[in-house]
Amino acid sequence: MNDTAVIADTVKPRLPRGVRLKHDDTRNEWLLLAPERVVKTDLIAVEILKRCDGVATLGEIVAGLADQFKADPGRIAADVRAMLGELAAKRMVDL
Amino acid sequence: MNALQSPSESTAKRIPAPVGLLAELTYRCPLACPYCSNPVEAEIRGGELDTETWKRVFSEAAEIGVLHAHLSGGEPAARRDLVEIVAHCTKVGVYTNLITSGVGLTEESMKQLADAGLEHVQLSIQDANAASADHIAGYEGAFARKMNVAKWVRECGLPLTVNAVIHRANIERAGRMVEFAVELGARRVEIAHTQYYAWALVNRKALMPTRAQIEKAVAEVEALREVYAGKIVIDHVIPDYYATYPKACMGGWGKRTLNITPRGKVLPCHASETIPGLEHWNVNEHSLGDIWWNSPAFNAFRGTDWMPEPCRSCARKEIDYGGCRCQALALTGDARNADPMCHLSPHHDKVEQIAATFDGTETDIPPYVYRRYKTKTPAE
Ligand code: SF4
Ligand code: SF4
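Top line first, the protein sequences correspond to chains A and B. Position 78 of the first sequence, counting from 1, maps to 78 under the working numbering, and the rest follow consecutively. Position 136 of the second sequence, counting from 1, maps to 136 under the working numbering, and the rest follow consecutively.
Source of the hints: derived by calculation from the structure; they are not laboratory data. Each hint should be verified, as a subset may be incorrect.
No more than 25 Å apart at the CA atoms, straight line, and that leaves these computed lysine-lysine pairs for DSS-like [claimed, not checked]:
| hint | chain 1 | residue 1 | chain 2 | residue 2 |
| --- | --- | --- | --- | --- |
| 1 | A | LYS50 | B | LYS151 |
| 2 | A | LYS40 | A | LYS12 |
| 3 | B | LYS91 | A | LYS22 |
| 4 | A | LYS22 | B | LYS151 |
| 5 | A | LYS90 | B | LYS55 |
| 6 | A | LYS70 | A | LYS12 |
| 7 | A | LYS90 | B | LYS247 |
The shape of chain B in the complex, shown without the other chains (with noise of 0.2 Å):
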């Protein structure tokens, strides 16, 4: 693609500025989730960048139009740093939010980092009935620590977020995590249905649930809106492989957000790397503008142009960006396709295949592929 194109004025303007920055700051994580959005295939230690290079990325960041950082790993916890990273973008302007599973922090930490300037949390449950959230995350007494986050961030004065990843084992109680988010003080919920990649994709025969429950989930936390209206925020992230459009993947490719690995690898969307012959650029090598405007990762997918039909001549082009690359690569072969979750692409009958093999009826549902690395290498 137009991939050693120099950065041009024409460029800078026709491409918007970031608004948003995934830092996945480690892949180290306590838990061990089975739909954790990490790559299964990673080398988790070693190799992490260091605390300069990313307060350089974070001022780099701030300098290009980036407004809200999230924070977020793995466990971002697991780095020794993330008081000093946090102070660091509240230096330079740069809105602070922690992405966290909870395990890890301390009443103590937690003050640090709201001293620091840090200005949300959002805070992983895995279930609202402890023995379900701790084996699903693999983790005996994670639910309980969870409990103390959530108040330590309210003593903090800090706005809290729940998100619950929604799946077969806790579906029956998704309207009740609204609930929960409101007892423990959270002013916003995200009730969020597992996309299947990564570890979710390795699982999805053990966390599919049916088109029943999913219709029954859906319609309880819809209802539960005008319930809570002005005591909390639900953003609803309806599921895959029920819809009838997909959704836009990160809002388009390379149009609001990027994310960059722990060893500074900067990518249009979290599963971009598993894209065949897409070139991404390191932060250790360029700058995170240049990445923005020229990197071959970014330029790849960013626009219409690149479209094969049905969507080339779609109405829907602006809107939904033709869907997820790597849902249309997972699913048909090549990335460029349009993303089979759509009824109107060629192979939606894959979708629908998947989707009808989940009825309920199934007898041999798997136990989880834990969220588990080869440690090969001793800890640095």
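Okay, chain A solo, but in the shape it has when bound (with noise of 0.2 Å):
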């Protein structure tokens, strides 16, 4: 189980329904808001998370984060499947 290299990359990562990204005003942060679970996310995984549409491909936005971050698409792909992986295993993302 786990094993991030697995998703390839023509999944579409999709958010669920119930599984939602919220600025908190109060904390002024991006937080993942699912069934009794709140996830802290940084700058870098609120970006992922904004692009996990069920439309963009993995490949599609490992690039798009590349360009924008101009950054090794492969150390970028790397983290955007442990964290994909992590939250799909939490049941947070489907993939």
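Fit chain to chain and form the complex, with the hints in mind.
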């Protein structure tokens, strides 16, 4: 389980119903709200999650982020896979 | 305690904003579970907060930082304004979780709730076996209705959590309930061993399993984590009475959550009304923020300053906050004491005595005292 390498470039990650990003004005941070869970997110996580719309493929998400952050696509891909793998295991992202 | 302290910047900064709000919209419920957490002595009809007041409360909740609203009861579907309340929460950006027995919901009302923005449904099941489930709920046909509710939840595309309270009558099927939750299409399952307060305390003798049964059930459920990894999230509330340390009740008193009773009293924990001398404030008289930061009940056991020994000098005091105040009161006579579930408590022997009574040899297991309320007053 959780072998993040198995997430293919063609999957279209999506936040399922009941999981959403929220900017919390009280705490001034972005949070991922899920059933009985609140997950703190950093800047990169927010950017990844905003792109998980069920339309964009993992490959497209990685390319977009690499472009936006002028970063190495290989590293971004590893980060994205790790994060989505972890959230999928908690059923907070559908792959 | 620091009861009449006025709200100040520093108080607001020191005390974190609440994360969750459990709204007990009503105590009315068609079922009669013998472990119900509603108070044993309650006036269940009349005096419920009206729609407008609940809406105001959820607006205030959103303002002070509440993220999740747990709409509970009793059976929240017994409120005719449930859809309106959900819609309001959606409007003010609060995540809504419906905690329901399922009885009272219809296919139509489920759709309306989903359209109003409901985000999650937590459905209780009493057992994975229909006859036993109906016996526990004290309601013929409840199980079959719940199966329909699970289906409607799925059809609306809402995430489903199945919640099962574990006790003597169903503990043999603790693992089966996880499988059953998967079959019902749940993404999350809560296997919660009974906590003995309110009606569960009344029925402790009928409900409490033996140590051997508990160990077997806990191991069974833990083993299923791996089997169902990525398929269903298992939240496992393991039992009191056999643990070494207590649980951090509510994640710390007045630290994360608040509870509101059907009549608007705001409680740091759903059993805190059992603690004598605790002054709870009501949303009819105070704003929610004022209550969170300034009400005597919330400040009574906040932080660690109130603790006597052994908690005061214990390294775990910021981990479990001395456990449950209500349990400390019930078993030691003083709510400030360490939770007697803790093996460091000088009263721990009482817990061991109780636990030792349930060794499987007892023959005098009483029938359930079902959750029923005298209805002196006719329905309004
Ligand atoms: S525990 Fe049972 S009786 Fe109590 S509110 Fe829930 S479903 Fe109703
Ligand atoms: S002594 Fe108090 S703080 Fe320490 S573990 Fe026991 S209950 Fe928790």
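Now the hints, each set against the structure:
1. A:LYS50 with B:LYS151: violated, 30 Å
2. A:LYS40 with A:LYS12: Roughly 23 Å separates the two Cα atoms, so the pair holds.
3. B:LYS91 with A:LYS22: holds, 13 Å
4. A:LYS22 with B:LYS151: Violated, at roughly 29 Å.
5. A:LYS90 with B:LYS55: violated, 32 Å
6. A:LYS70 with A:LYS12: With a Cα-Cα distance of about 23 Å, the restraint between LYS70 of chain A and LYS12 of chain A holds, given a limit of 25 Å.
7. A:LYS90 with B:LYS247: holds, 23 Å
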